[in-house]
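Undergrad: Here are the chains, one letter per residue:
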Amino acid sequence: MPSDQLILAFDTSAAHCAAALLSGDQVLGVDVDDMARGQAEHLFPLIEKLLGAHGVEWPELARLGVGIGPGNFTGIRISVAAARGLAVSLGIPAIGVSSLEVQHRTTPVLATVPAPRDQCYSQAFTTGAGQPELTTIRAAQAMADRLGIAMGQPLQPADLVTAIGLRAQAATVLTPPAPLYIRGADAAPPRDPAPVILP
Amino acid sequence: MTTSLTILGIESSCDDTAAAVVRGAPGAAQVLSSVVAGQTDLHAPFGGVVPEIAARAHAEKLDLCVIQALDQAGLALADVDAIAVTSGPGLIGGVLSGVMCAKGLSAGSGKPLIGVNHLAGHALTPRLTDGMAYPYLMLLVSGGHCQFLLVRGHGDFTRLGGTIDDAPGEAFDKVARLLALPQPGGPSVETEAQNGDPERFLFPRPLLDRPGCDLSFSGLKTAVLRTRDQIIAEHGGIPRQDRSDICAGFQAAVGDVLAEKTRRALAVLRDETDGPLTLAVAGGVAANQSLRQALLAVCNENDARFTAPPLALCTDNGAMIAYAGLEKFAAGERDDTSLIARPRWPLDQTSPSLIGSGKKGAKA
Chain A
1 MPSDQLILAF DTSAAHCAAA LLSGDQVLGV DVDDMARGQA EHLFPLIEKL
51 LGAHGVEWPE LARLGVGIGP GNFTGIRISV AAARGLAVSL GIPAIGVSSL
101 EVQHRTTPVL ATVPAPRDQC YSQAFTTGAG QPELTTIRAA QAMADRLGIA
151 MGQPLQPADL VTAIGLRAQA ATVLTPPAPL YIRGADAAPP RDPAPVILP
Chain B
1 MTTSLTILGI ESSCDDTAAA VVRGAPGAAQ VLSSVVAGQT DLHAPFGGVV
51 PEIAARAHAE KLDLCVIQAL DQAGLALADV DAIAVTSGPG LIGGVLSGVM
101 CAKGLSAGSG KPLIGVNHLA GHALTPRLTD GMAYPYLMLL VSGGHCQFLL
151 VRGHGDFTRL GGTIDDAPGE AFDKVARLLA LPQPGGPSVE TEAQNGDPER
201 FLFPRPLLDR PGCDLSFSGL KTAVLRTRDQ IIAEHGGIPR QDRSDICAGF
251 QAAVGDVLAE KTRRALAVLR DETDGPLTLA VAGGVAANQS LRQALLAVCN
301 ENDARFTAPP LALCTDNGAM IAYAGLEKFA AGERDDTSLI ARPRWPLDQT
351 SPSLIGSGKK GAKA
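Chains A and B supply the protein sequences, listed in that same order.
Going by this note's numbering, the first residue of the first sequence is number 1, and it counts up by one from there.
Going by this note's numbering, the first residue of the second sequence is number 1, and it counts up by one from there.
Where hints are given, some of them may not hold.
[To be verified] Here are some chain A residues pointing at chain B (derived, C-beta under 10 Å):
no., residue
1, F44
2, G91
3, I92
4, A178
5, A187
It should be emphasised that the hints constitute simulated quantities derived from the structure, not laboratory data.
Small disclaimer: the values here were computed from a predicted structure and weren't measured.
We put the CB at the ideal spot given by N, CA and C, even for glycine.
Pulled out of the complex, with its shape left as it was, chain A reads as follows (with noise of 0.2 Å):
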């Protein structure tokens, strides 16, 4: 896309609510307050906030960049429920980037985010993008070992935004953004089973 034209990113995926502003590739300014609950309420003001201080009204923006995750499940609806609202009402792309592909730049990286109980969501760019998947600290470390790659770090929210705006601007495959989940939902039919019916 042109260089200049302006992008709005950003990412609820852990305690924080984080928004960036750009231009092209270049960062107008970003605006991040962590929070461990109220991201849906304080969502909005911020990006308002964050527009309002660089003289940007909602209908000049080109193209939206919003996290998809992985982390917390609510966390990442609410960016990915309200970039698909943005992009019905401004009639622009949005585009969904990841927390594991920003954190892979030239060099090859075992990507990580934490997830609960000493597990960390993980995803292997080597020559390609492995699958995304949730597993032990350990055998991530393992695995990294076993493919000779640097464990890769989570970024903090205020560069995780800047980055997820840098991808969305220079992505080519603009498909709606989903939320990246990677863990099935908790559930599980139910214990009894059926009787059985006699004619």
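Position chain B relative to chain A; hints supplied.
TA: Then chain B, alone, in the frame of chain A:
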């Protein structure tokens, strides 16, 4: 109020992703489009709605439903006056997805945002479908709710009573599961009951011996379980006719309880108004023909008018949210992009809570 308003409504508080466009004025509006994307297949293996599965589906379907609803109405987002969204009560993951999508729609289009109580959507539907005048009695009876509401205005509700445990829709689902009938349980239990004898198994009529309009369905569920287990112990399974008889007996018990409590609620309405008495029912359970007949009979004996919106507007939908939003908007009520999604949000803030009286407050 002669101005015609066009409102987009969004609903995602349970397992239906819905969007609709409604146009008109309070008491005189019509549905231009209504799109409902259900999730029955996603939840079927689990015998009930799984909140996380529902939330995941909503997040990726809402915008598509909105686009479809606008298309079917032949409108662009720029043509609507405001965007109404269910902001509670309900499964919070779904409510949040809807609220965030609506905020995105509102922020980008500059259209006002209106948070709507899901129960108000149901309770005001008779005004959308029949132009019903206030006050009227509303029986909201669904998979998640059961309450009698005295509706005096778009924001003025008094809860006369409600379930102190399960909703009837839940009981129908549970009974269907106990008897190896498919989900959702409402239609399958109703069909099975058609071949059954409602008097063979006499199930309890909970809370009929107590004054007031509160209801309870949990004990009835357990009674069905005990009867079923007895039959299985005797036969090694459930003979088909016994299954039909249980369904008929269960449905008769629900009908008797709803009828008697409706009788009492109509008496309260009679003290409230000199005008004609009207009972409106909404919610998926209102689709049950045998229950409708029971309610109709009570209305006839009380000279009350009985009305039930068409099924598509009885179950969860976006049109009811758009219409409730229309009434709020016409009254000058607006929200902004800091709108909060609320899992708990009773319509009647004054009556003591029935369920969820813990520190988080009443559920609905």
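Undergrad: Indicate, hint by hint, whether the structure satisfies it.
TA: Against the structure, the hints come out as follows:
no.: 1; hint: F44; in the structure: holds, 3 Å
no.: 2; hint: G91; in the structure: holds, 8 Å
no.: 3; hint: I92; in the structure: holds, 9 Å
no.: 4; hint: A178; in the structure: holds, 6 Å
no.: 5; hint: A187; in the structure: holds, 4 Å
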